[in-house]
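Peer 1: One letter stands for each residue in the lines below.
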Amino acid sequence: MKVLVPVKRVIDYNIKPRVKADGTGVETAGVKMSMNPFDEIAVEEAVRLKEKGVVTEIVAVSIGEPKAQDTLRTAMAMGADRSILVETEAVTEPLAVAKVLKALVEKEKPDLVILGKQAIDDDMNATGQMLAGLLGWPQGTFASKVELHDGKATVTREIDGGLQTVELALPAIVTADLRLNEPRYASLPNIMKARKKPMEKITPADVDVDMTPRLSIVSVAEPAGRKAGIKVDSAAELVAKLRNEAKVI
Amino acid sequence: MTVLVLLDHENGAIRQASRSAVAAASKLGDVDVLVVGRNAAEAAQAAAKLPGVKKVLSAADATSADELAEPVAALLASLADGYSHILGASSANSKNILPRAAALLDVQPIPDIVEVIDADTFVRPIYAGSALATVKSSDAKKVLTVRASAFDPVATEGGSAPVESVATPAGEDKSKFIGTELSQSERPELESARVVVSGGRGMQNEENFKLLEPLADRLGAAIGASRAAVDAGFVPNDYQVGQTGKIVAPELYIAMGISGAIQHLAGMKDSKVIVAVNKDPEAPIFQIADYALVGDLFEVLPALEAELDKAG
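Taken in order, these protein sequences are the chains called X and C.
For what it's worth, the numbering used here labels the leading residue of the first sequence as 1, then goes sequentially.
For what it's worth, the numbering used here labels the leading residue of the second sequence as 1, then goes sequentially.
Rather than coming from a laboratory, the hints here were simulated on the basis of the structure.
Any given hint might turn out to be false.
[Said to hold, decoys possible] Computed beta-carbon distance windows for the label pairs:
id	chain 1	residue 1	chain 2	residue 2	range
1	X	226	C	298	26 to 32 angstroms
2	C	138	X	222	23 to 29 angstroms
3	C	298	X	195	19 to 25 angstroms
4	X	205	C	11	48 to 54 angstroms
5	C	138	X	200	41 to 47 angstroms
6	X	245	C	162	48 to 54 angstroms
7	C	201	X	227	56 to 62 angstroms
8	X	236	C	201	22 to 28 angstroms
9	C	115	X	28	21 to 27 angstroms
10	X	208	C	281	40 to 46 angstroms
[Unchecked claim] Quick list of in silico lysine-lysine cross-link-like pairs, DSBU-like style, CA-CA up to 30 angstroms:
id	chain 1	residue 1	chain 2	residue 2
11	C	174	X	247
12	C	310	X	231
13	X	52	C	310
14	X	109	C	174
15	C	176	X	247
16	C	174	X	2
Every value quoted in this text rests on a predicted model; they were computed, and no experiment measured them.
Glycine included, C-beta positions come from ideal geometry on N, C-alpha and C.
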């Protein structure tokens, strides 16, 4: 069984993003970038399925600027067998990304695509669902558990108020939630080995996808800051303030 | 312009987050709503009473009974012709279904809007709420999800819309509902509570987490948690407040033993009043707290309850 795992290069989750002074976006120059945390979980799940003997090949894919190859090397150091970089300077909107992925799915014919549930930069939470829609495949989003058996995937999903279990006929799309697993660190020998693993480079034009964004950014602004708070010394003072000053209790 | 809103319901009642979505939709045009699923008939009756709703579409057929993404997205796409915008709450249900429907319509969805500027232009948070992006869509139809905390929900009574049956398009049977496992709670729903008391890693264990209950009871509050508390197994994950959990904006948010990582702040920093109790005076949560109390929460908690009791 073959698995495709799309990964995205984003600003590292520990960094507080700064809005550019001209309001056109968020400063990315000279900022530490990493693999989107949800995508690490997706790669880890694919690698675990391979270690169980269920999966035979893992193909990592990234769409973006040339530096996204660092993210693919990380995926290969974690255990992906090979990778495809779709090079573009364009904005990677989920609709266009889903179209590129659809073309790659038709070429590579995986049985399962595992994505992260959302990228922590645009917070869209859409690409997996859109890819499933474009392919007409079933989807198991926000997965906290995935089991493969007899041409089916049993997926436990995190929903509002608890968990839901669905059964999907393969091929299918799964998007990983935080609790699916604990991703491994790439070891130094594996990082070295990953350098020798194959990376194919193509462009969106090669798969006939127009990357023109449907959404234009009018402006990006800092949210309104909160007024400075005050320090209280005791529970009694706190209750008094909440009651008489803030009037919330 | 007519707008279609997919409603989430529970035991026949329309969820508050969906009533916020109806409020956002009312800013765009006439509002029709769609209910699907097992209690669709009951939910349709409840939906018909929402003020501002012009028509209720109800799909009570077996195909969409489990509200799975595959049939419901196909249903939305089949209904899309008459609508300029399709909306849902930013709930797990809508986030599962709407992007799929958008793909079927060849539209880029706009998730989690906090403001409607005009029919094409919306404001949404990006980077865990560290920035607000104003985006303009060039798509002919807009598919949007609505952040509940940004729009006051419409009332549950006041309207009287007609109900019309719609049928889910027959599709291939590629997904099957197996079951759900819901957390039991007598407390107010986290996303709609007026007061939220949240605990973090500082609560130390599952037993201690229960110490928050008397305070929550006293304040009529919902109980929330940071990811650290969820990962440590103190509480189930649907308690989680943050970028990957629930987004709340109550009148009062009390953070107990929560350091205040940006992923957590993303879920609660629009609360009206924030109280933080932490023994580390350098904890980032204090930077956004209106009232900061540096101290051991195990001493503060009983003192707080005593004060509340004393004051009546």
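Peer 1: Residue 208(X) and residue 281(C), beta-carbon distance inside 40 to 46 angstroms?
Peer 2: Because 58 angstroms falls outside the window, the suggested range is violated.
Peer 1: Does the beta carbon distance between residue 226(X) and residue 298(C) stay inside 26 to 32 angstroms, or does it fall outside?
Peer 2: For residue 226(X) and residue 298(C) the Cβ distance comes to about 28 angstroms; the hint holds.
Peer 1: Can you tell me whether the CB distance of residue 236(X) to residue 201(C) sits inside 22 to 28 angstroms?
Peer 2: holds (27 angstroms)
Peer 1: Keeping to a limit of 30 angstroms between CA atoms, is the pair of residue 176(C) and residue 247(X) held or broken?
Peer 2: violated (49 angstroms)
Peer 1: Under the criterion that the straight-line Cα-Cα distance not exceed 30 angstroms, is the pair residue 109(X), residue 174(C) satisfied?
Peer 2: holds (18 angstroms)
Peer 1: Okay, residue 115(C) versus residue 28(X) on CB: inside 21 to 27 angstroms?
Peer 2: At 25 angstroms between Cβs, range holds.
Peer 1: For the pair we were handed, residue 310(C) and residue 231(X), check the Cα-Cα distance against 30 angstroms.
Peer 2: Between residue 310(C) and residue 231(X) the Cα gap is close to 22 angstroms, so the pair holds against 30 angstroms.
Peer 1: Taken at face value, is the distance from the CA of residue 2(X) to the CA of residue 174(C) at most 30 angstroms?
Peer 2: Between residue 174(C) and residue 2(X) the Cα gap is close to 19 angstroms, so the pair holds against 30 angstroms.
Peer 1: Can you let me know if the beta-carbon spacing of residue 205(X) and residue 11(C) is within 48 to 54 angstroms?
Peer 2: Since the Cβ atoms of residue 205(X) and residue 11(C) sit about 52 angstroms apart, the hinted range of 48 to 54 angstroms holds.
Peer 1: Regarding residue 298(C) and residue 195(X), is the given constraint of 19 to 25 angstroms on their beta-carbon distance met?
Peer 2: violated (51 angstroms)
Peer 1: Would you mind confirming whether the straight-line C-alpha gap from residue 52(X) to residue 310(C) stays at or under 30 angstroms?
Peer 2: violated (60 angstroms)
Peer 1: Checking one constraint from the list: CA of residue 174(C) to CA of residue 247(X), max 30 angstroms. Satisfied?
Peer 2: violated (53 angstroms)
The structure does not agree with the numbered hints 3, 5, 7, 10, 11, 13 and 15 stated previously, though it agrees with the rest.
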